[in-house]
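S.K.: Single-letter residue listing:
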Amino acid sequence: MIQKTLDKLRPHFEEGGKLSAFRSVFDGFETFLVVPSTTSKSGVSIHDSIDSKRIMSFVVIALLPALFFGMYNIGYQNYQAAGVEASCVDLFLYGLLVMLPKIVVSYVVGLGIEFVVAQWKKEEIQEGYLVTGILIPMIVPVDTPLWMLAVAVAFSVIFAKEIYGGTGMNIFNPALVARAFLFFAYPTSMSGDKVWLAKDTWFSLGNIIPDSHTLATPLGEAAAHIAPQGDFWTYCVGLMPGSVGETSVIAIAIGAVILLWTGIASWKTMCSVFVGGAATAYLFNISGLADNAVAAIPWYNHLVLGGFCFGAVFMATDPVTSARTEGGKYIYGLLIGVLAITIRVLNPGYPEGMMLAILFMNMFAPLIDYCFVQRNINKRLQRTKTK
Amino acid sequence: MAALFSKENRQAFTEPLSLNNPVLVQVLGICSALAVTAKLEPAIVMGLSVTVITAFSNVIVSLIRKTIPNRIRIIIQLVVVAALVTIVSMILKAFAYDVSVQLSVYIGLIITNCILMGRLEAFAMTNGPWQSFLDGIGSGLGYAWILVVVGAVRELLGNGTLLGFNIIPEACYNAGYVNNGMMTMPAMSMIILGCIIWVHRAYTTKNTK
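Taken in order, these protein sequences are the chains called Z and X. Counting along the first sequence from 1, when you hit position 367 you're at 367 in our numbering, and nothing is skipped either side. Here our numbering runs 387 ahead of the position in the second sequence, where the first position is 1.
Rather than coming from a laboratory, the hints here were simulated on the basis of the structure. Source: prediction; values computed, not measured. Mixed in with the good hints, there may be bad ones.
Said to hold, decoys possible - Some but not every residue of chain X turned toward chain Z, in silico, with C-beta under 7 Å:
#1 A422
#2 G563
#3 V565
#4 N567
#5 M569
Here a beta-carbon is modelled for each residue, glycine too, at the ideal position from N, C-alpha and C.
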């Protein structure tokens, strides 16, 4: 049925039709709704019949558990801060209402820019923003003002993506660039202990919380020299303050299973991030930096705190910006883990190091790939020589 | 008098302003352009200093260009520039102390500014003093207006002020507007400069087609 409606509408959008100015928009929606009839006509590479929009849809599905849990958590934090009892449904609905404007803003601004650029350059709409658009609201604190989100989205889509040539050409992960922009441009709205709580009511749901109410993330506490109190399982379940999508390890694990099962994310990258992080955190544990509360956090807690899991599962494995050689993935992931924990422990200015670690390694991914490709070339050269 | 403003002379002055801009087209002098543009005032002072120094070092080198031995010309040019930079630096310290503190080493580093060396080598060594003067003024102003634009954008968005006066009304802050801290970092001036080059290239290539 969808196919029929689309076929009926198509002539309007062809060259000369009255709506030809929106051709790229139409294309985008068409391929989003149905598998296009034009996949892999030529070329020797083997395509299965899904194009990259299907991949993106799987990633979005994998993100949903973390997103839904994040919404529930928003409600939970709000009602708990107000000291009011409420049903699960109320908590979730409140979180949904708080999150919806952010998701809408992120998609409208980001896709708007993509549509304009695609129309201007007479290209197809790129689908990459589907994932980025949902990632950005998930990795910011819940109290981020909408206009800041819009500015950050515009900045990252233009300067992290379109400038490099659009989807698939970017060096840095656009969602992380948006977060980094917010972090450096508006530090008071992105960290500290006042931003992790939704403070308004929405359609008579939720409670108004006074501005003075503070809520620190465990890592924020540790950076302020207070040893965090929770144990491993509280952190895993994730009913604690933090960026929207990052708190629950269980929800993220469900997403990770989906990504690995569909083969979109590389288990090599994912595992080596955890290995690198665990090893570094363990080294800091036994190094005995006495006056550093972050170094004293046990290594297994380090892995489930803050954005570590979220970054490892959804950010580090981004197929565009990570290393592409199989051996390179180990190095790439390992160094992300090492750097993330190192930044956390040694730099009191940044309670969370995952964002900077991934962005930094994004930059080195091509170099890692180059080294591995060269090594393979040399190996094979030698093999032919000895024969 | 007509000969003073002949077509060639006018070209020597106007070309570096846009078509052959030292920053936008030749991409010279980027370092100082990034370092001093966090606020508008130091950007203006820096731009003017470079203009004055380029103009007069161009004139002096052009006057003595026939007596300069070719093999040691760079050293001689540097001596001329260094003398002028010292004079400007002393004047700034005497009359605009605050700004000279903000600019710190960057006034001294004008000696190594590529724009200066480039103009001396490429223009003053082969042209007469009046033409060299116009070229120096043109190049300096071409550099200065970029600095002023970048400085104005960064100060306006980063601090909400221009030359120290509040521009963004208090009502905006009350409504939730926050100054963009990233604008005060050097990284952002690189991005703004990139945008200016982007617009400039798009405009000039369309014209030449």
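S.K.: Are the hints correct? Go through all of them and say.
M.R.: Here is how each hint holds up against the structure:
1. The beta carbon of A422(X) comes no nearer than 18 Å to any beta carbon in chain Z, farther than 7 Å, and the hint placing it at the interface is violated.
2. Interface hint at G563(X): satisfied, since its Cβ lies 6 Å from the closest Cβ of chain Z, which is below the 7 Å cut-off.
3. Taking 7 Å as the C-beta cut-off, the interface hint given for V565(X) holds, the closest approach to chain Z being about 5 Å.
4. Because the beta carbon of N567(X) sits about 5 Å from the nearest beta carbon in chain Z, less than 7 Å, this interface hint is met.
5. Because the smallest distance between the Cβ of M569(X) and any Cβ of chain Z comes to about 4 Å, under 7 Å, the interface hint for this residue holds.
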